[in-house]
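These protein sequences, in sequence, are chains F and Y. For the first sequence, the working numbering begins at 70 and goes up steadily by one. For the second sequence, the working numbering begins at 70 and goes up steadily by one.
Just so you know, not all the hints are guaranteed correct.
A pair holds if it fits inside one copy or across any two, identical chains being indistinguishable in the list.
No more than 30 Å apart at the CA atoms, straight line, and that leaves these computed lysine-lysine pairs for DSS-like [what the hints assert, rightly or not]:
1) K272 to K109
2) K71 to K144
3) K451 to K327
4) K414 to K183
5) K74 to K193
6) K414 to K346
7) K144 to K414
8) K421 to K451
9) K109 to K346
10) K451 to K323
11) K83 to K414
12) K414 to K143
13) K109 to K414
14) K263 to K451
15) K109 to K119
16) K83 to K421
17) K84 to K414
18) K84 to K421
19) K74 to K327
20) K143 to K121
Note that these hints are calculated values from the structure, not bench results. Since this is a predicted model, take the numbers as computed values, not measurements.
Number of protein chains: 2
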Amino acid sequence: MKGFKFAGICAGIKKNGGKDLGLIYCEKPASAAALFTRNKVMAAPVILGKEKIKNGSCQAVLVNSGNANCFTGKKGIADAIACSKLLGDCLDIDEDLVLVSSTGVIGANLPMDKFEAGIPEIVKHLSSEGMDDFADAILTTDTHRKMVKQNGEIGNKIFSIMGIAKGSGMIRPDMATMLAFICTDAEISPQDLKICLSSANEKSFNRITIDGDTSTNDTLLVFANGSSDVKINNMDSKIVFQNALDEVCFQLAKMVVKDGEGATKFVQIIVKGAATKEDAFKASEAIAHSNLVKTAIYGEDPNWGRITAAAGRSGAQVVPERMDLFFDDQPLVLNGNWMGAEAEKNTAQIMKNSEITITLNLNLGHATDHFFFCDFSEDYVKINADYRT
Amino acid sequence: MKGFKFAGICAGIKKNGGKDLGLIYCEKPASAAALFTRNKVMAAPVILGKEKIKNGSCQAVLVNSGNANCFTGKKGIADAIACSKLLGDCLDIDEDLVLVSSTGVIGANLPMDKFEAGIPEIVKHLSSEGMDDFADAILTTDTHRKMVKQNGEIGNKIFSIMGIAKGSGMIRPDMATMLAFICTDAEISPQDLKICLSSANEKSFNRITIDGDTSTNDTLLVFANGSSDVKINNMDSKIVFQNALDEVCFQLAKMVVKDGEGATKFVQIIVKGAATKEDAFKASEAIAHSNLVKTAIYGEDPNWGRITAAAGRSGAQVVPERMDLFFDDQPLVLNGNWMGAEAEKNTAQIMKNSEITITLNLNLGHATDHFFFCDFSEDYVKINADYRT
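Extracted from the complex, chain F is given alone in its bound form:
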């Protein structure tokens, strides 16, 4: 994409020697908007980023994996500032236009010697073709890089949005987990960009059981450099841009869930017919977070008792005798009645698929909500029992 350059190198921050330092650089200052974790234990780069993004402009973001720079106190903030400053010097841009972002283990100070050597080095590697290296450098327990590109057309002109994410796909991500960086060549004001980003986030990253248990480092950042000459400045163009941004965020969020630690299946739960929007949210969230539902899905068991029980404890208004439950198009419960052995057999067959849609109709109103989640296997436990060793 015109005007953006990327790089990713091995700076020696990760113990395994893999790529661990990434950089996105815009040739001129871009409109920028960002959303950060709601966790009160915030990583140093998040504390800093929240302040810096207020000016609505950004020209570079430096991302490291292997160390979250979280719970590192004043030293952590000073380190993050020192990295910004050094990068600003190396790129010859204002340090106010530099953001930093970190992911990895909590509680250890950044190895500043690696950054002092790595930052001048990475600047040399910047290239318009460097996005793969960047995407690799920000990974932690991810099994593969996560990139999406989407084009949009406004008045016969084409604009692009490219997103790169990292998410170890933790099912309840309590820590340094989810980073996503989005670049677009559309021209849009920082204010409009923030509105579009919030809206896209609400439908994607906020529906993959990520935000409820916000990590200390979650960051979603978008740059718009205007290099396509496509202006997003009226209702029609905003709709096109929003749709494209929604799609990029949704695809990235889906990739994060699919690459979930130990995940073998990708599941969408849709709660329909709820009395209120809040009820629909509560019921779908409770089901998507339930360890018992997740383990049953891993066991390919259409355990509808656990799904309805999770809805029952969610705080949402539910009436068991009204509930309908579908696995894909197969009804297993209608009006609170189990549909019998044949339906169960068909459902068991559906459970063998790698993507499953579960629909719970509460039949109490018209509100709907949904969540995307993955199953829960022994490998999740293995990965997380041994994470720091």
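Based on the hints, put chain Y in the right spot on chain F.
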């Protein structure tokens, strides 16, 4: 205990042929109080029991394992009533004094032929020594029976409280999980008994991460038959009785956690110095429910980043730079600073123990709360992926 009889038999309800029908019988009607699940998807015996207990008197409770009689609609209610009626007839007591209780798989109707044969049979087995058989008959995925006895003394007279529980010790028990039956020979009004039971429950079963995710069948029932001639009718005697009941509930709750599915460690999290009682509850609950904390404990990793991050996302007021974190008596974080490699080494040693106390001091006020929980191993996933097969 004078005036109580027990039985437990194999009635053919469980597929594995083990004991699955239990009975407690009081020779005369006893004061009774009960607490039930808060889940809106309630099992039939819970719906029925909530009504029946209102009269404050009970003479028999029939408990089956292997089938929760939940999500069984009108048929489920009719089956539960039929069982009560048959037992009342066999014991020659008013069916209003009979409670029924079920635990096991959700969504299947009770095999009524087994109850029609089993109920007349179990009555023949009633014996004052039958408590072990009863305790075995109510188990599901439990690995052993759970019984506690506690004596108290008031005015040179001794009273006893005996508790029998079943709990598969699910970490987030979304389904037919926790049953506890308590018998005492003290004399106490149903009203006072309910107050004492609620108070004991709040400190025990409601602090083992059970009640937040109430199952569809959770039941805690206490009978007081007065056979000891000890009257609980003034402040002094109530304090003695409350303490004894607290201890019985606490020990049973602890047994449930220790026998948690796949559990290898018993952990107490204490949150101190919270700004409000609600904050202390929120932070301790979030930590006790965190899969990442649980898996780290299983891995014997004092992963304080995950503990503090769970507190950070709990909604409680927290300031990272104020936090102190102890494992048993070993400080690992003081004023938000990691205490270094030596402290980490000592903590890692403590993590090898089978019982661990973790104390998080928020240093923002004077409120305290606690939770008991267990770790989270591959075996939890195995047990719950295959539960219905």
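A quick look at each hint next to the structure:
| no. | hint | verdict |
| --- | --- | --- |
| 1 | K272 to K109 | both (23 Å within a copy, 28 Å between copies) |
| 2 | K71 to K144 | neither (37 Å within a copy, 68 Å between copies) |
| 3 | K451 to K327 | both (18 Å within a copy, 21 Å between copies) |
| 4 | K414 to K183 | between (57 Å within a copy, 26 Å between copies) |
| 5 | K74 to K193 | within (11 Å within a copy, 84 Å between copies) |
| 6 | K414 to K346 | neither (33 Å within a copy, 49 Å between copies) |
| 7 | K144 to K414 | between (59 Å within a copy, 23 Å between copies) |
| 8 | K421 to K451 | both (23 Å within a copy, 17 Å between copies) |
| 9 | K109 to K346 | both (27 Å within a copy, 18 Å between copies) |
| 10 | K451 to K323 | both (23 Å within a copy, 26 Å between copies) |
| 11 | K83 to K414 | between (48 Å within a copy, 22 Å between copies) |
| 12 | K414 to K143 | between (59 Å within a copy, 25 Å between copies) |
| 13 | K109 to K414 | between (47 Å within a copy, 28 Å between copies) |
| 14 | K263 to K451 | neither (38 Å within a copy, 44 Å between copies) |
| 15 | K109 to K119 | within (13 Å within a copy, 41 Å between copies) |
| 16 | K83 to K421 | between (37 Å within a copy, 27 Å between copies) |
| 17 | K84 to K414 | between (48 Å within a copy, 20 Å between copies) |
| 18 | K84 to K421 | between (38 Å within a copy, 25 Å between copies) |
| 19 | K74 to K327 | within (28 Å within a copy, 55 Å between copies) |
| 20 | K143 to K121 | within (17 Å within a copy, 61 Å between copies) |
Hint check: violations occur at hints 2, 6, 14; the rest are consistent with the structure.
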